[in-house]
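Just so you know, we're using our numbering here: the sequence shown kicks off at 11 and counts up by one.
Hints listed in this document are in silico derivations from the structure and should not be mistaken for laboratory results.
Incorrect hints may have been included.
[What the hints assert, rightly or not] Calculated lysine-lysine pairs in the PhoX-like style (CA-CA distance at most 25 Å, straight line):
(1) K222 / K143
(2) K222 / K148
(3) K233 / K222
(4) K148 / K233
(5) K148 / K137
[What the hints assert, rightly or not] Restraint ranges, calculated between C-beta atoms of paired labels, are given here:
(6) V85 / T129: 18 to 24 Å
(7) V211 / D111: 32 to 38 Å
(8) K230 / I46: 42 to 48 Å
(9) D111 / R240: 37 to 43 Å
In this text, all values refer to a predicted model and were calculated from it rather than measured experimentally.
We put the beta carbon where it would ideally sit given N, CA and C, even for glycine.
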Amino acid sequence: MGWYNTQDAKTYRKHSGREVAVSDLVARCEVWPSGIVPDGVAVLTAGIDTQDYRVEIEVVGWGRNEESWSVDYHVIDGEMSDPATREALDEYLQSVWYRADGRPFTISAACHDSGGHHTDAVYNFSKERLGRKIWAIKGESAKTGFRNPVWPIKRPSSRSKKTFRPILLGVNAAKDFIRAALLRHLPGPGYMHFSTDWGIVEFEQLTAERIKIEGDGAAKVRKWVPIPGRANERLDCRVYAYAALRGLIHTTAMKLNRKADEVGAAVTHQVEDREQDEAQSEESATSEPAAPPIPLPSPPPTSPAQPSLAPETGDKSKRKGGFTKGLA
11 MGWYNTQDAK TYRKHSGREV AVSDLVARCE VWPSGIVPDG VAVLTAGIDT
61 QDYRVEIEVV GWGRNEESWS VDYHVIDGEM SDPATREALD EYLQSVWYRA
111 DGRPFTISAA CHDSGGHHTD AVYNFSKERL GRKIWAIKGE SAKTGFRNPV
161 WPIKRPSSRS KKTFRPILLG VNAAKDFIRA ALLRHLPGPG YMHFSTDWGI
211 VEFEQLTAER IKIEGDGAAK VRKWVPIPGR ANERLDCRVY AYAALRGLIH
261 TTAMKLNRKA DEVGAAVTHQ VEDREQDEAQ SEESATSEPA APPIPLPSPP
311 PTSPAQPSLA PETGDKSKRK GGFTKGLA
């Protein structure tokens with residue numbers, strides 16, 4: 011927390027988790043052609059956030075081991091209850107994106123937020139498109155801090171339109187996944203890639219909530235709480251896009267890595283975080299090694315009847331203590 015105190019002039023938060031630095035996310039943005047599906051992508055999903063007067067959608071490409079790329083972010087102005095808005099949303103969800111080699115990709119699944127003031131409109135929109143895996147969803151209450159699976163474990167039975175209900179998502183677990191992914195420093199399993207279309211405002215929305223730890227010992231609870239003054243549409247869209255991936259895997263038994271092989275997705279350089287530490291110490295490891303210690307001369311032989319008068323060559327306790335400290 012040294013940077014948090016000394017550089018950002020903020021007090022230490024004893025009961026909060028490690029926060030994601032927006033500046034770090036901006037610095038890691040990558041350049042790829044707009045509208046092009048990156049080579050590592052195997053499948054596309056979408057997260058749809060319903061606001062009072064607009065609909066926001068993020069299209070996310072998923073690769074091996076849930077590595078991801080933000081492929082597109084789109085905003086449709088208008089109320090969800092307006093037929094023109096629903097038509098525009100439906101048309102967008104049927105868009106085709108292309109990889110650099112010309113391979114086409116469409117959205118395989120989407121989760122659509124049914125909260126707010128347009129619940130019935132979202133329900134009707136989803137019910138008419140269940141065959142395309144456009145799911146109406148609702149996030150669980152985050153107040154208790156309890157972690158349910160991102161996608162319900164129990165496989166739902168056939169639903170008629172009369173008994174249709176939204177899917178209850180484990181949003182706390184989804185936000186945990188996103189936070190962990192944003193804290194990764196190297197491409198590979200779970201890493202999230204962003205293009206230079208993302209800036210400070212967009213990343214502030216993606217990191218609009220933080221962990222708050224309440225209680226002690228066995229009663230300790232980790233809760234997600236909003237950061238005052240920040241909009242959270244991009245966080246919600248990413249939660250829903252990830253939930254759509256989990257729903258796709260659960261309902262179709264899709265194997266993501268196998269799917270990546272089938273579509274010829276590129277294998278990114280996957281490296282464990284601990285290797286980064288090794289890379290950082292590479293300079294010292296490859297520098298000129300220190301000269302080996304000169305062995306001490308052996309003491310002259312003595313008679314068995316007389317004890318050796320040669321002094322000790324060093325303090326054993328000090329040598330032992332120094333060795334332990336070097337390993338700490």
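Okay, the hints, checked on the actual structure:
1. Distance restraint check for K222 and K143: the Cα-Cα separation of roughly 34 Å exceeds the 25 Å cut-off, and the hinted pair is therefore not satisfied.
2. Between K222 and K148 the CA atoms are separated by roughly 22 Å; this keeps the pair inside 25 Å, and the hint holds.
3. Of the pairs offered as hints, the one joining K233 and K222 holds, with about 5 Å between alpha carbons and a cut-off of 25 Å not exceeded.
4. A distance of roughly 18 Å separates the Cα atoms of K148 and K233; the hinted pair therefore holds under the 25 Å criterion.
5. Between K148 and K137 the alpha-carbon distance is near 15 Å, which keeps this suggested pair within the 25 Å criterion.
6. Checked against the hint of 18 to 24 Å, the pair V85 and T129 passes, with Cβ atoms roughly 21 Å apart.
7. Separated by about 33 Å at the C-beta atoms, V211 and D111 satisfy the suggested range of 32 to 38 Å.
8. Taken as a hint, the range 42 to 48 Å holds for the pair K230 and I46, whose Cβ atoms sit roughly 45 Å apart.
9. At roughly 39 Å, the beta-carbon separation of D111 and R240 lies within the given 37 to 43 Å, and the hint holds.
Hint check: a violation occurs at hint 1 only; the rest are consistent with the structure.
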